[in-house]
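Asks: Sequence:
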Amino acid sequence: RGGAHEGVPIHSVRLPGLVAHQQVIFGARGETLILRHDSLDRSSFMEGVRLAIRRVGEMKGLVVGLDSLLFED
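Position in the sequence shown counted from 1, then plus 122, gives you this note's numbering.
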């Protein structure tokens with residue numbers, strides 16, 4: 123399982139009880155820095171869903187992600 127993107131190993135794991143789990147590990151000799159986020163319940167996505175519903179009428183074409191809604195120019 124897993125793969126690589128531009129030489130960086132990527133691995134995916136499915137675990138019961140976790141709706142979403144992301145972990146990024148940076149490492150060098152003798153050290154690691156781990157960034158981790160867990161969503162234990164779908165309610166954690168609701169603010170983004172509400173924002174998308176309120177603003178969908180303004181969108182033109184295909185929109186991927188919430189970046190254009192969260193971070194306006």
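What the hints contain is simulated information worked out from the structure, not anything from laboratory work.
One or more of the hints may lead you astray.
[As the list claims (entries may be wrong)] Below, in silico cross-link-like pairs of lysine to any residue (SDA-like), each with a Cα-Cα straight-line distance of 25 Å or less:
(1) 182 - 162
(2) 182 - 193
(3) 182 - 161
(4) 182 - 163
(5) 182 - 170
(6) 182 - 171
(7) 182 - 194
(8) 182 - 192
(9) 182 - 172
Source: prediction; values computed, not measured.
Asks: Compare the distance between the alpha carbons of residue 182 and residue 172 with 25 Å, and conclude whether the hinted pair is satisfied.
Replies: Holds - the C-alpha atoms of residue 172 and residue 182 are around 18 Å apart, at most 25 Å.
Asks: Given the hinted pair residue 182 and residue 170, is their Cα-Cα distance within 25 Å?
Replies: holds, 18 Å
Asks: Within 25 Å, alpha carbon to alpha carbon, are residue 182 and residue 161?
Replies: violated, 30 Å
Asks: Please work out if residue 182 and residue 163 have their alpha carbons no farther apart than 25 Å.
Replies: It is violated: about 31 Å lies between the C-alpha atoms, which goes past 25 Å.
Asks: Verify the proposed pairing of residue 182 with residue 192, using a straight-line Cα cut of 25 Å.
Replies: It holds: about 16 Å lies between the C-alpha atoms, which stays within 25 Å.
Asks: Given the hint that residue 182 pairs with residue 162, does the C-alpha gap stay at or below 25 Å?
Replies: Roughly 33 Å separates the two Cα atoms, so the pair is violated.
Asks: Compare the distance between the alpha carbons of residue 182 and residue 171 with 25 Å, and conclude whether the hinted pair is satisfied.
Replies: holds, 18 Å
Asks: Assess, step by step, whether the Cα of residue 182 is no farther than 25 Å from the Cα of residue 194, and give holds or violated.
Replies: This hinted pair holds, its Cα atoms lying about 15 Å apart.
Asks: Taking only the CA atoms, is the gap from residue 182 to residue 193 under or equal to 25 Å?
Replies: holds, 17 Å
Hints 1, 3, 4 from the list above are not met by this structure, while the remaining hints are.
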